[in-house]
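In the order they appear, the protein sequences are chains A, B and C.
4 is the number of the first residue of the first sequence in the working numbering; add one for each residue after it.
48 is the number of the first residue of the second sequence in the working numbering; add one for each residue after it.
660 is the number of the first residue of the third sequence in the working numbering; add one for each residue after it.
Just so you know, the hints here were simulated from the structure itself, not pulled from any lab data.
Warning: the hint list may mix true and false statements.
Calculated lysine to any residue pairs in the SDA-like style (CA-CA distance at most 25 Å, straight line) [said to hold, decoys possible]: (1) C/Lys890 <-> C/Gln751; (2) B/Lys179 <-> C/Gln751; (3) A/Lys60 <-> C/Gln751.
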Amino acid sequence: MKIKSADLWFKKAAAILALSAAALVILLVCSMAYYALPAIRKFGLHFLHTSTWDPVKEIFGALPFIYGTVISSALALLMALPVSLGIAVYLAELAPCCLREPLSFLIELLAAIPSVVYGLWGIFFLAPFLRETVQPFLFRYFGFLPLFQGEFYGVGMLSAAIILSIMIIPTISSISREVFLTVPSAQREAALALGATRWETIRLAVLGYARSGVLGAVILGLGRALGETMAVTMVIGNRPEISGSLFAPAYTMASVIANEFSEATTDLYLSALIEIGFILFFVTLIINIAARALIWRVSAKIKAK
Amino acid sequence: MNIYIKRKIINKLMCGAAFFSALLTLAPLISIFGYVISKGITSVNFDFFTHLPMPVGEHGGGMSNAIVGTLILIGLSCLWAIPLGVFGGVYLAEFGNNKFAAAVRFSADVLNGIPSIVIGIFAYTVFVLPMKSFSAISGAFALGIIMVPTIMRATEEMLRMVPFALREAALALGVSQSRMIVSIVLKTALPGILTGILLAIARIAGETAPLLFTAFGNRFWHQGLNQPIAALPLQIFNYAISPYDDWHRQAWAGALVLILMVFLISLLTRFVIKPKYRRKEMIWKQK
Amino acid sequence: MKRKILGLTAGILMLSLLCGTAWAKKILLINGAGATFPYPLYSKWFYEYTKVDPTVNFNYQSIGSGGGQRQILAKTVDFGASDGPMSDEQLQKAPGVLFHIPMTAGAVVVTYNLPQASEKLKFSPDVLADIFLGKIKSWNDPRISLDNRGVYLPNENIIVVHRSDGSGTTSIFTDYLSSVSAAWKAKVGKGTSVNWPVGLGGKGNEGVAGLVKQTQGSIGYVELAYADNNKLAYADIKNSSGNFITPSLESTSAAVGGKLNSMPDDFRVSLVNPDGADAYPIAGLTWILAYKNQDDSQKGEKLVEFLLWAISEGQSYSSDLLYAPLPESMVRKIEEKINQIVY
């Protein structure tokens, strides 16, 4: 009898603690919604598609920030994906045994660098490097594309995208590596038995099998990119403008909150900033739902096998 | 061209590309590390670890209060985030095959993706406004929220990897379920859980945004946990955006110390704790 | 065994750190937040003041003028600091009478990066406004050449740099532009954060200084101290008397002097475009915001003591850091105001 009630209490205690995590999220959403209400009431859906951000006249529109966040994250992903997959493949399949641990440790170390340090490195090293070397080079050979036109500021969309991609590579590559390691050897052996080369084995057996898991990793990395604040603020130029060029400055949702939150004096201004946080939360939510669905598909596939 | 030669060439190319990506990633790592070390190493001296920040023009300033502040914030966050994360993970792993558990798992994932600045604002509204003061407590609350999902996830995954046979054996011997979970399952999975905890710590050690509106920062020693407290990332940020070269050098030194702290934690995880875990795993497999 | 020892040491370490809070000397901590502009001066003051009164520590964090205003309105700090005066509506929201106590004055300089220019550049007010409005786009525009006879100006685009975060520096600068250009006033207006027609945003004075320093052909605005420390070139501006004035301590003090006669009782005055032949036109006071009725009498007493020290002995530290000490007649009036604080 005693044992049974101890079990029950244990289960209840654990359940309550687990519930707290869910409760935190709900609390967060509710408090944000509450503070964002004045802005939502005033601007309604216009908030999502107007571009003026004028604290003096109190006209607020979030479109440039949504654009900045989405494009910088998408670009970061575009650059990070091939590199991350390459590393994951190398570490899971190709590297000599003694190199694997140290090398994956080094890659994970990239994740451990504080974002403030990334920002500083960006301002003092990356931005000048882009301004003096990379941007003129891109302009000279690809300047006919609207992507590579405009002043060479150094800071801007390109700078932010590069830093973001460096920051998400460890996430995507570590998870992908773990997923590759769980692919049953039978798959690889089957491919090799049929005469596939090393690369073909990887392509057919490993990558094909792990597709959903890798997509899950990608989406998690994307989640990190969307929310990154400090590093991006320092190198993106902070200009709420939508431009077709990679050289142009931009502004992300997380950056504008970081820059202007402590200065926002009027209630409407504050409310507009919190509404931006709210929108960012929703974008993150949607991405997480997609990630969950994909990862669930992977585990279903593995269970079926 | 002979199809076999073509396939061989593609093979060599792609494998080379994979190796190249590894190198490509190491390049910024070396660059960042090299940059921080070159800028900061000269300012990391005894004064740095023992003195308080000084105003402009005075020499011998340090970041002692920020280093201690970061350690205190980490300690406080762990105090509430670890029990929540570990036991939440226990629930999800041991009792969690229902819709409620799925909802909790989903919430933890969502929490993980919320930008740290939003979490900071949330902590501001929950703690700072009612208390009418910035405090270490509110900072620890914000940092803890960031830690919980990582710890919960790690705990759940590690517990799931404990072989069912171990559980069945304990239950067959008449051990109660709660006792079984705590003494046997948790103990076995402990190294892995510790890894998760240490990873969460590594993450929050470098967070600036959530501390801006909670811990606030302090140029002196804190006077209580309900008072503003200094933290390394905050101090680094404040110094970096100042106009003074001396402060810039100290910012780099601070960054170096912070990275070394996180580096040591990762080192500890990889080369002290994990090997223990792997040894145990091999014992299971040998059955 | 190893793990037990590790865990034990970790536990002891954490416990001692937490206890350290209790063991620390019980020094009274007074918190303030606000403007970044006077941060170097305030941090010097607070450091020197620990020698005058070791029982109290003043912890000041420069989160920005707007931040200072908001935190003092919410009473999460004991005093605020702002480069821009609070408006009447804001003051009405305060849970008590809030005083603006001027501490020092500083100049906002127009800094630029144009190595080809052989001499220091000069700007007229309308030219400056049009540059920041984006109407004047190139350095060799005839209107700029008009003020800078004999100086070589290249045919390069002007890259405007402004603050991305809200700030009192922006407030002073936009206040000036609004008063000299009707077009600016209508289109942009003044405030700690505005909708800039053109330009890049840098975070903090340092962000702007850094961007200008690294970007050739750029122009921006920063506090005098920041321009000096970064060895940036800054321009002479034409004042209301028609003279081109170099920003300096003397010309800033002249700006304060020019407004002495029209100084309101609550000290909420703008220093831009003052009268006076030698007055620099883009200057501003910086204030500490404190409640007339202090909630905590011990803190209130210490705060008043500090303010009285800062407005008298503290002014001697100002010049070294490039802040303009306030004139005697003004100091006396300010002391009267400080003594009105009830604790």
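Status of each hint after checking the structure:
The hinted pair formed by C/Lys890 and C/Gln751 fails the criterion: a straight-line CA distance of about 42 Å is larger than 25 Å. For the hint linking B/Lys179 to C/Gln751, the alpha-carbon distance of about 20 Å falls within 25 Å, and the restraint holds. For the hint linking A/Lys60 to C/Gln751, the alpha-carbon distance of about 20 Å falls within 25 Å, and the restraint holds.
Violated hint for the displayed structure: number 1, the only one.
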